[in-house]
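Protein sequence lines, in the order shown, are assigned to chains A and B.
The opening position of the first sequence corresponds to residue 720 in the working numbering, with each subsequent residue numbered one higher.
The opening position of the second sequence corresponds to residue 104 in the working numbering, with each subsequent residue numbered one higher.
Hints may be right or wrong, so weigh each one.
[As the list claims (entries may be wrong)] What follows is a set of in silico ranges between Cβ atoms, one per label pair, in the way DEER data are often shown:
1) V1018(A) to D256(B): 38 to 44 Å
2) L965(A) to D280(B): 55 to 61 Å
3) T324(B) to V893(A): 52 to 58 Å
4) F151(B) to R829(A): 23 to 29 Å
5) L1019(A) to G272(B): 35 to 41 Å
6) G272(B) to R829(A): 32 to 38 Å
7) A736(A) to I221(B): 37 to 43 Å
Read the hints as simulated data drawn from the structure, not as lab findings.
Note that beta-carbon positions come from the ideal geometry of N, C-alpha and C, so glycine has one too.
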Amino acid sequence: MLRNSVLNGISRHRVAAVTGFLLVFPWLMPYEALAVNVLIFGLYAMGFNLLFGYTGMLSFGHAAFLGVGSYGTGIVMVHYGWPWYLAIPAGVILASLFGVVIGWMAIRTRGIYFSMVTLALAQCVYFIFYKAESLTGGENGLRGIKLETIDFLGLQIDLLNPTNKYYFLLIFVVMTLWFVSRVLSSPFGAVIETIRENEKRSAACGYDVARTKLVAFVLSAAICGLAGSLRALHLSVVPVDSLHYLTSGQAVMMALLGGMGTFFGPFVGAAAFLLIEDVVTNITKYWQFVAGAVFMTFVLFFPRGIWGSILHWLRQR
Amino acid sequence: MNSNGLSTSVPASTGPGGAIAESAGSPVQKAAQPILATENVTMQFGPFVALNNVSASFESNKLTAIIGPNGAGKSTFFNLVSGAFAPTLGRIRFQGRDITGMAQHEFARMGIAKSFQITNVFKLLSAHENVRVAAQMRRTRFELLRPRADLKDLIDQADALLHRVGLTGLRDKRAGDLAHGQQRCLEIAMALACEPQLLLLDEPTAGMSPEETLAMMDLITSLAEERTVILVEHKMKLVMGICQRLVVLHHGEVLAEGTPDDIRTNDEVKRVYLGQSI
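Go ahead and model the full structure; you've got the sequences and the hints to work with.
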């Protein structure tokens, strides 16, 4: 009884619960830069999860939105000298526009075809940015994104301090958590779940499946774009492989590892994945082998993922 | 089979005279306009003609059954008038309006709701949420930031509909965990949640036990008191007692239509249903 009411309380106040965890999270990590990475990739996986876990569309091209978000923010800062508070929205908007175009083309297909079309279109984006050297730095990536201190209401915040940087980025993550939570419990959130469950039935209920999918796709792209934008500020460069299909694969792995269709899962997945990378690279450079083995174990034996399995276990007991 | 010599490649717009004349002319406003009408509807799947030149009309506030032996084209007819796909030739009108080729979701928004032959529910969602989300369509579709818990009337409406189909006690159960007959009832509640003027049911008693079948027939009779119901049924005996009108399909064509008494005494129908008591 008590356990159930605690569980219900957590799920009702999921934004507060996740925020609380993320507030203490840096103290649980071996070093802060890793915590910052988990924050950014958790946000990325969350955007992906909105599409995959809640709407039931498996995209293999989400690196496009992470990368375009990064480049959008980076380009306006490096080439046009925009301040960070305009550069972040610029990255998000650019990623959303790419989301409209890619989504508009990809939602005509279903299942594995949808995955393949998103993969192909994301590769197109990769080569466009790779070739546009004067704007993007091509192979070397976009360098020279500087954000060392910010003035906030007369308060000087030194972002070279990783702890400060973490909490600065956390503000954006918490705002997104709130937004996604609201979307999921909105009427629209109910509709995307019906599309995941049964497209035909959803259409027979009077919902325009194609349009709903497109809106979900663009929202997902915008969130991944924000993650990319924050990543550009964090790394102060945009590596071209942020658009690479392996980065798309990371979103899939993180979401599945953490638990698709759960609110907190993407952050758990991002933390697990990046910790494996961090720990195993100290032992062998073939860390991807270990990550792959762990991933396959989860897909085969714990398809609910880490957080999904924990939730299931707590509810069953 | 292809008696009036239609070729597979003829597009709808250049179809036989009937279709053009009907769609070009202004809709005739008669006193008793049928709620649903098909005009020379033909449906071909490759070389196979599933429906051939079917014209039928359905009056408001009546319970009409479409019957026929296996392969008669009942399900094809159902899919056409419920918007699952568009006919190869011919027009479909709803309240006088040409709705041929409209998207599935537009059918529901106009007031045509359906239940599927093979049960189609949102399996991972609760029974209540299944009905609630169906009821939500009339109110809101793209609201992103308002909590759906605020829309109390929809929650109550879903509860009332669950009560109507006898699923109140199973409100919070996952739809996928319900028994087959219960899922069929749930589907009817979902169809009702769209507040349809026209309710289309495709073999609503398929796979049900005799007791469940009787309860379903009672439910359908009571639903038909408030709106138009068209029922596709394989078992003729089942619908004879409750419907006001019957349309008998055979080999993709209308074999007979009329009241249950007309159908019972129709020689053609007797021949098709040879050996079965009507």
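So, going through the hints one by one against the coordinates:
| no. | hint | in the structure |
| --- | --- | --- |
| 1 | V1018(A) to D256(B): 38 to 44 Å | holds, 43 Å |
| 2 | L965(A) to D280(B): 55 to 61 Å | violated, 40 Å |
| 3 | T324(B) to V893(A): 52 to 58 Å | holds, 56 Å |
| 4 | F151(B) to R829(A): 23 to 29 Å | holds, 25 Å |
| 5 | L1019(A) to G272(B): 35 to 41 Å | holds, 38 Å |
| 6 | G272(B) to R829(A): 32 to 38 Å | holds, 36 Å |
| 7 | A736(A) to I221(B): 37 to 43 Å | holds, 40 Å |
When each numbered hint is compared with the structure, a violation occurs for hint 2 only.
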